[in-house]
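Colleague: Listed in order, the protein sequences are those of chains P and S. All residue numbers in the first sequence are consecutive under the working numbering, ending with 517. All residue numbers in the second sequence are consecutive under the working numbering, ending with 517.
Hints were generated in silico from the structure; no laboratory data involved. Any given hint could turn out to be false.
Where chains are identical, the list cannot tell them apart; a pair therefore holds if satisfied intra-copy or between any two copies.
With a straight-line Cα cutoff of 30 Å, these simulated DSSO-like cross-link-like pairs (lysine-lysine) come out [unchecked claim]:
| no. | residue 1 | residue 2 |
| --- | --- | --- |
| 1 | 451 | 220 |
| 2 | 262 | 103 |
| 3 | 401 | 17 |
| 4 | 208 | 353 |
| 5 | 364 | 146 |
| 6 | 197 | 353 |
| 7 | 146 | 370 |
| 8 | 116 | 17 |
| 9 | 364 | 197 |
| 10 | 262 | 116 |
| 11 | 146 | 353 |
Keep in mind that this is a model prediction, so the values were computed, not measured.
2 protein chains.
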Amino acid sequence: MSKNAQNNKKAAKTAISPTRAEDYAQWYQQVVRASDMAELSGVRGCMVIKAWGYGAWELMQRELDRRFRETGHENYYFPLFIPLSYFQREADHVAGFAKEMAIVTHHRLTIKDGVLVPDGELEEPLAIRPTSETVIGESMSKWVQSYRDLPILLNQWANVVRWEMRPRILLRTAEFLWQEGHTAHETYEEAMKETRLMLDVYGKFAEEHLAVPVIKGEKIAQERFPGAVNTFCIEAMMQDGRALQAGTSHYLGQNFAKACNIQFQSRQGNLEYVHTTSWGASTRLLGAIVMTHADDDGMRMPPRIASHQIIIVPILRDDTQSGEVMAYCESLRAELAACSYGDQPIRVKLDARDIAGGDKRWDWIKKGAPIILEVGPRDIQGGQVCVMRRDKMSAGKRFMARSEFVQTAANELEEVQQTLFNEALALREARSVNDIHDWAAFEAYFKKDADNSFVSGQGFVRAKWCGEADSLAKLDPLGVTVRCVPFDQSGTTGVCVLTGKPATQDVIFARAY
Amino acid sequence: MSKNAQNNKKAAKTAISPTRAEDYAQWYQQVVRASDMAELSGVRGCMVIKAWGYGAWELMQRELDRRFRETGHENYYFPLFIPLSYFQREADHVAGFAKEMAIVTHHRLTIKDGVLVPDGELEEPLAIRPTSETVIGESMSKWVQSYRDLPILLNQWANVVRWEMRPRILLRTAEFLWQEGHTAHETYEEAMKETRLMLDVYGKFAEEHLAVPVIKGEKIAQERFPGAVNTFCIEAMMQDGRALQAGTSHYLGQNFAKACNIQFQSRQGNLEYVHTTSWGASTRLLGAIVMTHADDDGMRMPPRIASHQIIIVPILRDDTQSGEVMAYCESLRAELAACSYGDQPIRVKLDARDIAGGDKRWDWIKKGAPIILEVGPRDIQGGQVCVMRRDKMSAGKRFMARSEFVQTAANELEEVQQTLFNEALALREARSVNDIHDWAAFEAYFKKDADNSFVSGQGFVRAKWCGEADSLAKLDPLGVTVRCVPFDQSGTTGVCVLTGKPATQDVIFARAY
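With the rest of the complex left out, here is chain P:
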């Protein structure tokens, strides 16, 4: 490294090292660690979600739950264990999940030569649920007799296990938390309406609450949920241009109804199979918000899901004044907590830990608290607060009259929320192309940089695809997949970017998490 480069590096010192440009994958790990959202545990592939990450998940839950209730769903809880005989009923489903299931085979431990070993072998092994279609189907088959028992609209908040060979914190872990909605309907039309409705719920939630712009579309046959007839998804773009599936909604047809024998007497008096749907979103979203919003100084938490939206850091330079400063900060905290942002009280925290003010500030920068206030003796005298907005770190600190800040606090928070959304949207637009029409250009685009696409500018290619399954093999060496067939089709006819054949369907190609 030249002397100059060294100096530049020093000048641009960041809280997170490496930076996104230096090593995106490592940067991600470091942000998760530095923000104290989660960490890998000693249990293979499993994580510990810490207070700052779990708090964001709880706020996501609260909002999703509100939207699920608003659309008529109720929460249930079903068993963690699925007997293998249930699982075997739907062939595609088994094929899709068999390779990554945790299996319980024993029901006690015994000590042998001083070591604990499994004992009490089960007659039928039990899978830990990777998803609950089959165990919920079993219940539905008992609950449904007539069309009067339909629709069934339920949701479950639960943990699931998919044995990941290459875990990545928050994004891909052996155990993760999620919600899974499961519904049963009389007709195709009703079930499809539900499937699309829930995709809309996810789409609005992602954009309005997580500040993550998404593209809504349908998965191609090869990317469907195992056992589904149609899979719809919302796809987001991470800062390295890769796609992340942020929620899916499946129309399952009568596949699971037949597998689980969910039949009902129709209005016409016939015995028919119900049409089912399922839809889910998971703690993967915590990974998505890190990869969407974090910068080289750490996380930037969207206000709507920040457990603490405003942090007050008392600046105590002199013991004689610390009582006065703390009292002022506490009264400011109470005043802000009495204000509302959206339909909820502002979540404000006074950081009273016994460490230096500067250390506190950097803690909250790395965690990504939307607004940090610093209050020292001089600010009290001047009746002001020193405001730092996490979305505008480069703008530095602003001094505002205390009363003015209190009045505009909710607006400031909403501005942070909007800035995060706008920046993510601008990034996606900058890294989306729709002028690639042939394989040579397509290959050149994705070959630019397979390792560090944060720098390359690669992202989403919107192009025509003829729909031939065989043609997808060309994508494998590039690590690219069809992310979805977006709902907003152009309706034009062109040529397939993979085969050169005539094609009308627009699809999104990208590398993905």
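Model the placement of chain S on the given structure of chain P, informed by the hints.
Modeller: Then chain S, alone, in the frame of chain P:
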């Protein structure tokens, strides 16, 4: 059965059969089923918690969570899996749980002769958590270096598995939901203060929120949590006089700190082990409220945990008027939903299902909705509502002016809450004795009726116990245990009811769930 008895039986027809007096255990199963709170699943020992039961659990969670936050705790999430090597670190802990653990030994399935079989054997088997002291201790050992990192005050909402040989729905199932608090402190005093504080939280919650009166006390050594130094508990009395442990709080001493190596540099500069606590309450509480409040017509849900506190049943006798009735009911619903009970909006539901009004009424009686309103054309004309309170079924229906009911709805709900508490307290007082001083009287009391203690009037015996472990064997044939050493000790000296030796300690003896 004589003709007279038959007639009497008919006259006293109840919605639940058998009644409590006829067969208490069966009555319990039937109430859970008829109230639609939960049902056993096809998965051995596991249950499905349905909307009405899960809704009550969510309201319990909300209130407990509020109280946990108020006392400084934050939510985390830890892995479902515990490596056997973690578990083995605390000998008493292993001994206490080894016989009832689900063990994962494989991580995929493969098809062999057309049947799914476990494949991909794990190097180290994983236990499904029956409780998380060891896996959380592993994390704490990494987080704690100095006294500045203490206290750690965390809680987790999770599912746990204890392989029950004789499952009983809601009360004892292989998988159940719970919260487990885990804290680490510098000193014995702090940890003990926390342990007692959380017991108080449970006690207040049970009485104020679940309307379940409880006795607070300490478990004797033989009944402690495996690995604990002290276990404190709240004990409730069910309607058959049996005790049910409704929450526990453990001072774990330095046992788990040593097992998991959680050391810190003290204020004096020494390397010391932290003092830890843990405390938990589970979906078992759903069983407790059924056994405390239900009657021979079904569940009686305490208003504070009822997903729907007031049900509006439209009475539609004539198609021409049904539009008018539904509109009136909807406006009444909206008016009530705008009122508050406690600090929350009243939860009111208009039951618009396409079935007869009488069927709806009985559905909600069996579910135990606190207040049911019926509204038909004549009520609209008279500007009135027909009110039925679930706690006063025998009082029948009351007609009230609509405006008067709306004004007093919150009071009515609070009266239901108080009635349920008062009845449970009265039952406990009626079935508690403190005048048994020798073994003969003790044995006679509990021998009266071992099978149907709903009728016998048996309950809690408060008597002296000398503390000799050997003496407890006398209790085994009676199926009685020492429930706790209640905090409110009389301070008198007497004779041990088991040995006749001098004794000062008051304990509560009872049969228990």
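Colleague: Determine which of the earlier numbered hints do not hold for this structure and return their numbers in increasing order.
Modeller: Violated hint: only 8; rest satisfied.
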